[in-house]
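S.K.: Chain residues, written in single-letter form:
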Amino acid sequence: DAGVIQSPRHEVTEMGQEVTLRCKPISGHDYLFWYRQTMMRGLELLIYFNNNVPIDDSGMPEDRFSAKMPNASFSTLKIQPSEPRDSAVYFCASSLTALGEVGYTFGSGTRLTVV
Amino acid sequence: GESVGLHLPTLSVQEGDNSIINCAYSNSASDYFIWYKQESGKGPQFIIDIRSNMDKRQGQRVTVLLNKTVKHLSLQIAATQPGDSAVYFCAENKEGKLIFGQGTELSVKP
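So the protein sequences, as listed, match chains D and U.
Per the working numbering, the first sequence starts with residue 1, numbered consecutively.
Per the working numbering, the second sequence starts with residue 1, numbered consecutively.
Simulated from the structure, these hints should not be mistaken for lab results.
Glycine included, every Cβ here is placed at the ideal spot set by N, Cα and C.
Among these hints, one or two may not hold up.
As the list claims (entries may be wrong) - To give an idea of the chain D side of the interface with chain U (calculated C-beta under 7 Å), a few residues: (1) G28; (2) Y31; (3) G42; (4) L43; (5) L45; (6) F65; (7) G103; (8) G107; (9) S108; (10) G109.
Unchecked claim - Keeping only pairs whose Cα atoms sit at most 27 Å apart, straight-line, the calculated DSS-like set for lysine-lysine is: (11) D:K24 <-> U:K56; (12) U:K42 <-> D:K24; (13) D:K24 <-> U:K97; (14) U:K97 <-> D:K78; (15) D:K24 <-> U:K94; (16) D:K68 <-> U:K42; (17) D:K68 <-> U:K94; (18) U:K42 <-> D:K78; (19) D:K68 <-> U:K97.
I would like the entire structure built from these sequences, with the hints used as guidance.
M.R.: Have a look at this one:
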């Protein structure tokens with residue numbers, strides 16, 4: 001298995017633009033998580049899905065952020081409009097269970113820079 | 001512009017020595033904990049886990065200790081190698097979700 005695949009690896013965009021981050025989880029994993037990592041806040045859970053259904057989005061910072069999972073093999077995290085404070089590394093992770101016994105598998109992340 | 005970030009706690013050890021990385025968790029009801037390793041430019045990677053009904057669990061060169069009385073978790077790495085240089089995170093089960101700690105940067109000197 002190729003693991004969790006995220007794209008793009010790097011994204012530089014101007015303030016106000018729409019940004020879409022993409023994730024392909026490991027086949028057979030029922031749970032998908034979106035995390036954001038910054039030096040100030042560390043790794044923050046934004047939202048997670050179970051069987052393509054959003055279960056908990058309490059970590060989504062504000063209405064500018066939205067996430068979808070149209071099928072078991074694809075998820076997107078969208079920021080519209082983007083702001084400089086959204087600059088961070090965004091990770092997608094997938095797991096067989098909610099707590100990730102034997103661990104979540106993380107993708108390599110998307111480094112977002114909003115200028 | 002971006003705010004100035006906090007510096008992670010750093011542990012510097014000599015190659016071959018043992019490393020101990022500590023973590024305090026917040027939720028006394030947490031019943032599951034995991035240690036992750038994150039190398040530069042990569043996502044976190046699972047190292048070892050432990051449930052609250054255990055005090056100690058051993059893996060290959062790593063041992064996790066859990067002290068529920070003081071809500072403290074530690075990761076011991078035996079015979080630390082340069083490839084162990086990374087940021088290490090503990091994570092706890094909080095309300096059914098894995099919540100990550102701040103992280104500790106381990107630097108191994110050759």
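S.K.: Hint by hint, say whether it matches the structure.
M.R.: Hint check results:
1. G28: With a closest approach of 17 Å, the D:G28 hint is violated.
2. Y31: 10 Å, violated
3. G42: 5 Å, holds
4. L43: 4 Å, holds
5. L45: Nearest chain U Cβ about 6 Å off; hint holds.
6. F65: Result: violated, 17 Å to nearest chain U Cβ.
7. G103: Holds: closest Cβ of chain U sits about 3 Å from D:G103, inside 7 Å.
8. G107: 6 Å, holds
9. S108: 6 Å, holds
10. G109: D:G109 check passes; min Cβ-Cβ to chain U is 5 Å, inside 7 Å.
11. D:K24 <-> U:K56: Roughly 35 Å separates the two Cα atoms, so the pair is violated.
12. U:K42 <-> D:K24: 16 Å, holds
13. D:K24 <-> U:K97: 21 Å, holds
14. U:K97 <-> D:K78: Holds - the C-alpha atoms of D:K78 and U:K97 are around 22 Å apart, at most 27 Å.
15. D:K24 <-> U:K94: The hint holds at about 26 Å.
16. D:K68 <-> U:K42: Given that 27 Å is the threshold and the Cα spacing comes to 24 Å, the pair holds.
17. D:K68 <-> U:K94: Holds. D:K68 to U:K94 sits at ~24 Å (cutoff 27 Å).
18. U:K42 <-> D:K78: 22 Å, holds
19. D:K68 <-> U:K97: 19 Å, holds
Comparing the model with each earlier hint shows violations of hints 1, 2, 6 and 11; every other hint is respected.
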